[in-house]
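Peer 1: Quick note: the sequence shown, position 359, residue 359 per the working numbering, numbers continuous.
Mixed in with the good hints, there may be bad ones.
List time: in silico DSS-like cross-link candidates among lysine-lysine, alpha-carbon distance up to 25 angstroms [stated by the list, open to error]:
1. Lys395 / Lys441
2. Lys203 / Lys156
3. Lys452 / Lys395
4. Lys289 / Lys303
Calculated directly from the structure, the hints in this document are not laboratory data. Here the structure is a predicted model, which is why all the values come from computation and not from measurement.
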Amino acid sequence: AALVNDTVGTLLSAAYSDPTAQMGVILGTGTNAAYYEDEANVAKWKGEGGEIVLNMEWGAFDSDDFSVLPFTQHDIKLDRKSINPRKQAYEKMISGMYLGEIARNVMLWLADQRLLLDGRSSEVLNAMWSIDTAYLSAATVDDSPDLEEIKQIIEKTLNVPQSTLVDRQIFKVISILVGERSARLSAVGIVATLTKRPELLNKPINVGIDGSMYEHYPEFERIMAETVSHFIPPEQFKNVKFSLAKDGSGLLTRGTRALALKRKARQQEVELVEFDPKARQTFLTGFHKRKVERQEKAASEIKTQERQDMLQMRKERREQQRDQLAEKLMMNDEFKPLVSSDDEDVEVLQGEQSVTTVTVTRGFDAEEMDDKNADLERRLTPQEVAVKLKRDLQKRIERAQKGSDDEEEAEGEDEGDDKKKKKPKTKTKTKNPKKFRYETKAKRAASNAKSKAAKNKGKDSRKRK
Numbered sequence: 001a002a003l004v005n006d007t008v009g010t011l012l013s014a015a016y017s018d019p020t021a022q023m024g025v026i027l028g029t030g031t032n033a034a035y036y037e038d039e040a041n042v043a044k045w046k047g048e049g050g051e052i053v054l055n056m057e058w059g060a061f062d063s064d065d066f067s068v069l070p071f072t073q074h075d076i077k078l079d080r081k082s083i084n085p086r087k088q089a090y091e092k093m094i095s096g097m098y099l100g101e102i103a104r105n106v107m108l109w110l111a112d113q114r115l116l117l118d119g120r121s122s123e124v125l126n127a128m129w130s131i132d133t134a135y136l137s138a139a140t141v142d143d144s145p146d147l148e149e150i151k152q153i154i155e156k157t158l159n160v161p162q163s164t165l166v167d168r169q170i171f172k173v174i175s176i177l178v179g180e181r182s183a184r185l186s187a188v189g190i191v192a193t194l195t196k197r198p199e200l201l202n203k204p205i206n207v208g209i210d211g212s213m214y215e216h217y218p219e220f221e222r223i224m225a226e227t228v229s230h231f232i233p234p235e236q237f238k239n240v241k242f243s244l245a246k247d248g249s250g251l252l253t254r255g256t257r258a259l260a261l262k263r264k265a266r267q268q269e270v271e272l273v274e275f276d277p278k279a280r281q282t283f284l285t286g287f288h289k290r291k292v293e294r295q296e297k298a299a300s301e302i303k304t305q306e307r308q309d310m311l312q313m314r315k316e317r318r319e320q321q322r323d324q325l326a327e328k329l330m331m332n333d334e335f336k337p338l339v340s341s342d343d344e345d346v347e348v349l350q351g352e353q354s355v356t357t358v359t360v361t362r363g364f365d366a367e368e369m370d371d372k373n374a375d376l377e378r379r380l381t382p383q384e385v386a387v388k389l390k391r392d393l394q395k396r397i398e399r400a401q402k403g404s405d406d407e408e409e410a411e412g413e414d415e416g417d418d419k420k421k422k423k424p425k426t427k428t429k430t431k432n433p434k435k436f437r438y439e440t441k442a443k444r445a446a447s448n449a450k451s452k453a454a455k456n457k458g459k460d461s462r463k464r465k
């Protein structure tokens, strides 16, 4: 991770596009610059040798004495009424935030001398910051015969009752001069920085610039480059190139990588690094697409995790309910013998009526049934297991009842009169079938043993007779 301001980010962004970048400049609402400096020239830095990036904060230049920059009365007035007087003097002369206010001060000064607008003004024009730098930019490129764009600015935006063609021409000249002075003063700062390391001017060097003034103000780049050429010899100036470095903060990560590549290239004495323009364009224009993809991936992962958590919670809840039921049955003396086995059917009774039937399963042997039933048992809830068990018990009871009826009928035929003809076996239908109560395996075995003992006793008694 790194913490830098937008000026260093602009330098790194320019280095990403062109490894020859040595300086990054912001020329927009505010202004600042950063450049590569030899570590040996930085007294406060004790490094291992090489270069470091210095953030200049050059907007504060000449803020203490006002003795170097060419201040006018309009600059002094702006500084005196600003929220930070005697600070950022250089920035107040060249950045887009203040140029409109400088032009407004010039207009009021000319109006006070009855040289503009016939000495008239308006409440809007008298208010600070009422003229935006964008108005100056529009006025600079207004080439219509009557300067209609400027007329709209003066009469509609500034609310001055009327303006003559001469008034509009004066407003255009003010806009051009304020913008031109900003470009030339910006160039002076760039020249001072580049000549700090004159050896760099003997090879190609790129100055990355970001900001609305450089990008949008008419003729700003041309005037700035022309001014730089006045202070640098032609054989060195031909090595200097100015380029637009957009979104310096957003490209910081890529710029850091470019810086590492640049240092590696310098160590290997490689002066030219080739980039794939198509791949770079795809990368620089794909921020939103990659952001959406990351958001969709994160949403998908969250959804999958939530589903897994829900399934795990359901599984734990079923196991907890099963264990709680087993514990309750173990605490009841009446049902304690019925839950001693690993897999038993337990019947809970209320009075004379069966309430519900559940299955207490502490172990599961899939070999006792086919794979289909085994998978089904694993997926069933305790209530579904109870319903399935109820159906199985009903079928067993019906089979047991059918077998008992057949045995009694066969015994009756053996004890009948030998003279009588044997009657064919027929199934007897019970008018009022007994209501069977669901039993556990233990109860069922005891009931069958008791029934069998009673039948054997009946046979013995008939034989004795």
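Peer 1: Of all the hints numbered above, which does this structure not satisfy? Sort the numbers upward.
Peer 2: 2
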